[in-house]
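Trainee: Sequence:
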Amino acid sequence: MGRLSANDQPPPYTAPGLSKETDSKSAPDESPPGYIFPKVYKIGDKTTDRPLVDTYQLKLHLRLLRSFHDLRLTVQNLPPSSLPPGVDKLDRTLRWAWFLRLAVERFERWVSTLPVSSKDPLPDWFESYVPPLDVLLVWHAYILNPTWYTEDGLRIEGVSALPRSSNTPLQLVSKMGDLSTYLPSEARMEAWLRSTRTPFDPLEVMTLLTHKSVVCPSCRESVLTPFFVENGTGYAQKDFKVTCHRCGLEITKQELGVAKFASDLAKAHDPTNLTMMAQENEPPTLAGAVYMAGTLHVPFTATNTIRANRAKNAFLRAPGIVHLDLSSKSEVERVKAIREAAGYSYARLEKLLSGGPRPVGQNLQRRIMSTYVDDRVFSVELVGAVLRQESFVDKMYNLGWTDPSYFDSGDDELALQHAIARYHAFLDLMASSPSDFFVPTLDIDLAWHSHQLFADQYATDCKKYVGRYVDHDDKVAESRLSNAFDITCRAWKSRFGIAYAHCGCPLPGDTIGVRVSQLRNRTMAKLLSSPSRPDLVPPANSESIYAATHPSDHNAVFVLADRGPRRAKVEKRRERDQREVEKGRMDRRVYERGLEHPIPFLVPVPLYYAAACVASYGSVLAVGDNDGVFGLVSLSS
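Quick note: the sequence shown, position 298, residue 298 per UniProt numbering, numbers continuous.
Rather than coming from a laboratory, the hints here were simulated on the basis of the structure. Just to be clear, a hint being listed does not mean it is correct.
Here are the simulated lysine-lysine pairs, DSSO-like style, with alpha carbons at most 27 angstroms apart [unchecked claim]:
| hint | residue 1 | residue 2 |
| --- | --- | --- |
| 1 | Lys464 | Lys493 |
| 2 | Lys253 | Lys212 |
| 3 | Lys241 | Lys336 |
| 4 | Lys260 | Lys175 |
Build out the structure end to end from the sequences listed, making use of the hints.
Mentor: Here it is as structure tokens:
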């Protein structure tokens, strides 16, 4: 599918039950219709048999986000006396990143204890396997990388045990009730301690989980390494480094990542070994097959074994690999030969893989290599995945949406109904438009995230209604994100006849109520003069809806090369607006408010916060190793 240009005009949208004839008779001076919450939605040329998400699920998700927010504040504000030596000297940001390293360790241990089938009834599975909050936090971020989450479940035996249809995070939250007071049974806490060798309480872990075993890539010896060392070389730190006591190899994350790559490349893969699960609507599992990460899942199928085999065979046919004569060696010998030839270095490994009769494309190779950054079984660097969600969590918190009683009344719940309606329209835009790259607003993102947490259902719904799997990419260059948001706004306005985003920030001297009233009247006047969908018009009595239509707030990596043109363009616009103020053609208050958020995607924060929710089709976007690096990333106004 091609990209939507400024001149492209998607066809006008007519909602089910709303005819053009009826619309044409409407006049701007008519009373605005009451807010309509549809029972079904049109997505492309299909009509759903139900809303794909509901308000109860959104409330559960907001309850979960509130708990994540509170956990972070608790960890960041702990008194130094309750922290291990050295950790007590870290600032709030680095202390939280260290805590997340421990959480990922616990998540990996938990995954290894799960039964192969997640189809046990919820009460039984809940009593036996419910995780603590820090592990739930990591799992949540993992699912919100849906392509990787699905592919890892097919490629990696341990990850395949993670629930994808029943016993999902929101179902567990429903069972747990108030997460601030939830306590598991004594039997569950004892079982957790036995299986993970850590206490259930995340805060107790900080002083008890101090070391981790890593396998030396050279001699395969287990090396016990601390998570934290005051010189910065602990496993949970940016400059991890430990020396193998047996062979003397200096082990870093790079060595561990290269070793993992060599192991996957050396293992045999059988393209015919594809078996379908007996249960209806279950995704296929690849019994015994080993494919390189990032090669199996594509928008139209989760198991593109042809592509995966071609990619792996291309690596194996590279001159540097062919020279190793792997066919005459056992699997253990093949792994060792690749590791030694690469010298446990990414640069040398890439040289080995270059050339050959059918080399892997640059984008695909970059995508593959981005997953081999450490010795974790997962293809996603999960600490970064959690951090990339935090600005979104903070926005939901600051809007007040995570307050337990915020949506208790029916009038307030209209905000969630409106978010659901806009999410379905967002899917309709992707199904019906030639564009391949759309950026959601905060309210749409909440519904989108909630839908993704039911991983199997999300995949089924995408295929049925959008016609392909919709990935959720949270690492996108700032300039591309900004341009994509502009495209999204134009496509939305063209298709539905109303604005995509509304700035609800009041002018100096105005109350939020005045601002919302102005926006409502302006929007309704436009709506009633053109065909559209009344369910997409913000309800008049839901002030927080307007703030929630800002661009989603966990946005993009800012590439330094993009900064000059983007800033110059904004400064030119500001100069123009200043002249308009001087001539009396623009309200000075409007001009001054614009100074508060001139560029929606430019705020200096740690690069591992960098993220953007985008809907993409067949795109490969990547940034380098962003562990602990600082740079400019995007945040909305």
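Trainee: Which hints from the list above does the structure break, by number from lowest to highest?
Mentor: 4
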